[in-house]
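Chemist: Required output: the full structure, derived from the provided sequences and hints.
So you can see what is in the structure, the chains are spelled out below.
8 protein chains.
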Amino acid sequence: MRTGRDAFHLAIPARDLDEAAHFYWRQLGCPVARRYEDRITLDFFGDQVVCHLAPETPVTEPRLYPRHFGITFRERADFDNLLRLVEIRKVPVFQAARLRFEGTVEEHTTLVLRDPTDNLLEFKHYRDPRMMY
Amino acid sequence: MRTGRDAFHLAIPARDLDEAAHFYWRQLGCPVARRYEDRITLDFFGDQVVCHLAPETPVTEPRLYPRHFGITFRERADFDNLLRLVEIRKVPVFQAARLRFEGTVEEHTTLVLRDPTDNLLEFKHYRDPRMMY
Amino acid sequence: MRTGRDAFHLAIPARDLDEAAHFYWRQLGCPVARRYEDRITLDFFGDQVVCHLAPETPVTEPRLYPRHFGITFRERADFDNLLRLVEIRKVPVFQAARLRFEGTVEEHTTLVLRDPTDNLLEFKHYRDPRMMY
Amino acid sequence: MRTGRDAFHLAIPARDLDEAAHFYWRQLGCPVARRYEDRITLDFFGDQVVCHLAPETPVTEPRLYPRHFGITFRERADFDNLLRLVEIRKVPVFQAARLRFEGTVEEHTTLVLRDPTDNLLEFKHYRDPRMMY
Amino acid sequence: MRTGRDAFHLAIPARDLDEAAHFYWRQLGCPVARRYEDRITLDFFGDQVVCHLAPETPVTEPRLYPRHFGITFRERADFDNLLRLVEIRKVPVFQAARLRFEGTVEEHTTLVLRDPTDNLLEFKHYRDPRMMY
Amino acid sequence: MRTGRDAFHLAIPARDLDEAAHFYWRQLGCPVARRYEDRITLDFFGDQVVCHLAPETPVTEPRLYPRHFGITFRERADFDNLLRLVEIRKVPVFQAARLRFEGTVEEHTTLVLRDPTDNLLEFKHYRDPRMMY
Amino acid sequence: MRTGRDAFHLAIPARDLDEAAHFYWRQLGCPVARRYEDRITLDFFGDQVVCHLAPETPVTEPRLYPRHFGITFRERADFDNLLRLVEIRKVPVFQAARLRFEGTVEEHTTLVLRDPTDNLLEFKHYRDPRMMY
Amino acid sequence: MRTGRDAFHLAIPARDLDEAAHFYWRQLGCPVARRYEDRITLDFFGDQVVCHLAPETPVTEPRLYPRHFGITFRERADFDNLLRLVEIRKVPVFQAARLRFEGTVEEHTTLVLRDPTDNLLEFKHYRDPRMMY
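Protein sequence lines correspond, in order, to chains A, G, L, E, B, R, F and H. According to this note's numbering, the first sequence is numbered sequentially starting from 1. According to this note's numbering, the second sequence is numbered sequentially starting from 134. According to this note's numbering, the third sequence is numbered sequentially starting from 267. According to this note's numbering, the fourth sequence is numbered sequentially starting from 400. According to this note's numbering, the fifth sequence is numbered sequentially starting from 533. According to this note's numbering, the sixth sequence is numbered sequentially starting from 666. According to this note's numbering, the seventh sequence is numbered sequentially starting from 799. According to this note's numbering, the eighth sequence is numbered sequentially starting from 932.
There could be a bad hint or two in this list.
For lysine-lysine, the following BS3-like pairs were computed, each having C-alpha atoms within a straight-line distance of at most 27 Å [to be verified]:
(1) B:Lys-656 / F:Lys-888
(2) A:Lys-90 / A:Lys-124
(3) H:Lys-1021 / G:Lys-257
Computed beta-carbon distance windows for the label pairs [claimed, not checked]:
(4) L:Ala-362 / B:Arg-621: 23 to 31 Å
(5) E:Arg-475 / B:Pro-624: 40 to 48 Å
(6) B:Arg-621 / G:Glu-220: 58 to 66 Å
(7) G:Tyr-198 / L:His-288: 36 to 44 Å
(8) G:Gln-228 / L:His-288: 34 to 42 Å
(9) L:Arg-355 / G:Phe-234: 47 to 55 Å
(10) B:Pro-624 / H:Tyr-996: 51 to 59 Å
(11) L:Phe-367 / B:Pro-624: 18 to 26 Å
(12) F:Glu-835 / E:Arg-475: 43 to 51 Å
(13) H:Val-1024 / B:Glu-634: 50 to 58 Å
So, partial list: chain L residues that the calculated Cβ filter (under 10 Å) puts toward chain A [said to hold, decoys possible]:
(14) Gly-270
(15) Phe-311
(16) Asp-344
Derived from the structure by calculation, the hints contain no laboratory data. All C-beta atoms in this analysis are idealised placements derived from N, C-alpha and C, irrespective of residue type, glycine included.
Modeler: Put into structure tokens, the structure is as follows:
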């Protein structure tokens, strides 16, 4: 059972910490918990994402599989608020919001963003919340 | 604020789904929510981890930075229970449990595991829970 | 008072564990917590159901009384999501969704499913949630 | 995820409703929500158990498998309180409290009671609460 | 701050325990936690009401002031469900549901019931929940 | 199920509102929500108590039965804090703290206070919290 | 993460405690927790505000920056209830309710009140609750 | 009732935003939610503190009354963690941690910090949590 007391934490590469801060903090609105010379820790929708400085990260065309991360919202309003933020602040979109697996139990809306280091972020909302896992 | 209603989700590569199932389900004890031909979705300590079949994932010596993931426990007992599970079930350890940043506010205990595809999992417990972010 | 910390657990017979896994996991969408040679443990809507291998369970026409189990949902939307799942995935229905005790305080909607061992599962939603007990 | 809003419900046979009321209400301390001619509904540790009048239920030596039910407590103190109640009120015990699977991750304390219709009730407490499912 | 862990308890007189049980349990739907020779304890909407046998309680025309008790519901739906129960089960009404202090901040809907010992029960719902205290 | 959203409310007589305010607010520490000419409303441990001016309330020796009210604390520390407050502020005690029903499941500690209008307040803590109802 | 267990507390000057009590208690409806000769402590929407007697506080035209305080409501209904209270009880308004930063992610409704010592209180509701911080 | 959904917000002057950021973010560990040219918004222990640029704020010897703010912790461990942080990171202390009102119901531990603009922050822990208001 997910609780409000533990936190998921994810460490990802960032070619440039200022760019990462711009994307996650200024654009996505994630509070910056700590900043060191080699990393930034973020309150990412209640969990922790750490951007580690990795300037040598190769520049390649990002692919959604097998590696991406994000939040599955329980409430549709939270997904819609994020969508509005993305449009207003012109956050880089990798794949526009769309319905997936329509007509099945797994039906969900999905939106994929792209950070400056080409990490992909997927945000989802399932019609049936039991499918969140 | 992290709530019990949303879920973090993380997609990672798995060279072999049976191996992944063995590690995450049989050893770590994460319930298997769904299994498809090309992926397994897991209830990973209340969040979602998806192992995508990626047999071509190169075999390299894993490094902790810049990419790893895990759970930061609010209660020490939860960390200790995981440690006991790792010992009893002989889950592959990349870095044994140790104290880090001792004597600072960021002081925490950390344990790093290694899954069959060489993804690294870090579990943490902070002395001061405000440092979880 | 029911809390989110304890769990109800129910052990039931299964003539065949693969059939049981198909019904509870693939169809009903209950994550599989553990699987042993002689049983499967399931996260059944947040509680625990264990299917024990009992191949000798006699085949008889199931009756709703005196033995059945299920979930009483607090929110109608959760009942409706289950109903949609049952229709899409063609889960075996013993008694279609219907209103019961209409016009009384105990009025509720009920749906009865049938697992491969002929255990009956009743899902309910009461108009007045005080009648859940 | 188990929540405090839904309820598990279980229907079981009772050869005699007065005997059932004595066991579940007077001895185990479960509040009686409703009583009809043919059944009693109980608030069983926050979930619902319904005893249906079934006088023809055959009298056989009860077996723990494949059919029993109960509560898995998250806190040891709740298990101990139940144990104390069982001793003071002399509730019929089928299997005394004992440790099971000692030294494994699944280690837990278990106590099995026997109701007047020979339904078996198992109460458990796991050392590692992740094993509750 | 009211929490879900403590309980308010109120002891009131009952001229006859069977009559009290009929009113609180059969009609109002409050589970009976315990019954002794001289009192009944009830789970009254999550708090405890105890009816003490007091056959000598004088029969007088009940007055709403200064003594009555009840529940102030946070959600209107809960008030409406109770109103529906009162109508269907013909629970004795002392004062029909009506709006009080209309147009003020303290505006609320109120319903007053009368138990067999002439204790008065007031159920309320405030338009502005801050006025519940 | 008791929730944090609804409130129990109890109306009691007060011979004098200043005296009542002194007892409930100054001594017991209950915040005063509202004061009118003829009543005071109090946040009584999270529920609502209203003291209605009733100067004609007869002066008689108070008896604990059949009428009293109070809080049953889930945590012993809360009972002990109240006990400490009563001693330091010299709140009028009707019956000193004592253990009741020792050795039974219903064993609890109880303390009875007396307000200036001779209403009796009982505060309790049960060894086994299931006995709170 | 804000929890329901800790409390923010703010101490502010009051030229006159009776005036302060009138504004915060009678008008805004904040329960008075304690009153001493030199201060009043208030349950201010669940947090604590303490008005300290400071008769020498200079009378100047209040400015919104850099000093003010208030509540950011998560639910619009709570903001609207406060607005209704302000209108009915004619609470002194410094700046009427208005939309701010319309069309941006930070869009919110804001209302500024003025207490008798010219402290300014701002109440807000954000369209996107992630902007509350 | 304080809930986890609303937030207290407090606006205070800052002579210099970098200094304010150093104190609140680097030293006290409050995540920075937003930074504009004229202000910083902070997640201050779950509530919001906004530092508004006010270079003209007069430099005077700070006094604790009538104006200060802070958090009253429900758990002693949270107070102690803050104390440890203050010592390790050498956060400027205005008044060292000490016991106040010893032997009374209002007994609490208090610590006062001083930010670079001479705003005073008081952190408290009460022996009896009912005194938090």
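Chemist: It remains to establish, for every hint, whether it holds in the given structure.
Modeler: To see whether the hints hold, each was checked on the structure:
At most 27 Å may separate the alpha-carbon atoms for a hinted pair to count; Lys-656 of chain B and Lys-888 of chain F meet this at roughly 26 Å. This hinted pair checks out: Lys-90 of chain A and Lys-124 of chain A have alpha carbons roughly 19 Å apart, not beyond 27 Å. With a CA separation close to 26 Å, the supplied pair Lys-1021 of chain H and Lys-257 of chain G stays within the 27 Å bound. Between Ala-362 of chain L and Arg-621 of chain B the CB atoms are about 29 Å apart, so this pair conforms to the stated range of 23 to 31 Å.
Our hint of 40 to 48 Å for Arg-475 of chain E and Pro-624 of chain B holds, since their Cβ atoms are close to 46 Å apart. Remark: the range hint 58 to 66 Å for Arg-621 of chain B to Glu-220 of chain G is upheld by a beta-carbon distance near 59 Å. Checked against the hint of 36 to 44 Å, the C-beta distance between Tyr-198 of chain G and His-288 of chain L comes to roughly 43 Å, which is consistent with it. Between Gln-228 of chain G and His-288 of chain L the CB atoms are about 40 Å apart, so this pair conforms to the stated range of 34 to 42 Å.
Remark: the range hint 47 to 55 Å for Arg-355 of chain L to Phe-234 of chain G is upheld by a beta-carbon distance near 50 Å. Hint check: Pro-624 of chain B to Tyr-996 of chain H, Cβ distance near 57 Å, so the stated range 51 to 59 Å holds. For Phe-367 of chain L paired with Pro-624 of chain B, a C-beta distance near 23 Å keeps the hint of 18 to 26 Å intact. Between Glu-835 of chain F and Arg-475 of chain E the beta carbons are some 49 Å apart, a value that agrees with the proposed interval 43 to 51 Å.
For the pair Val-1024 of chain H and Glu-634 of chain B, the beta carbons lie near 54 Å from each other, so the given range of 50 to 58 Å is met. The beta carbon of Gly-270 of chain L comes within 7 Å of a beta carbon in chain A, closer than 10 Å, and the hint placing it at the interface holds. Among the interface hints, the one on Phe-311 of chain L holds; its C-beta lies about 8 Å from the nearest C-beta in chain A, closer than the 10 Å criterion. Hint status for Asp-344 of chain L: holds, given a least beta-carbon distance of 8 Å to chain A, under 10 Å.
In this structure, none of the earlier numbered hints is contradicted; all agree with it.
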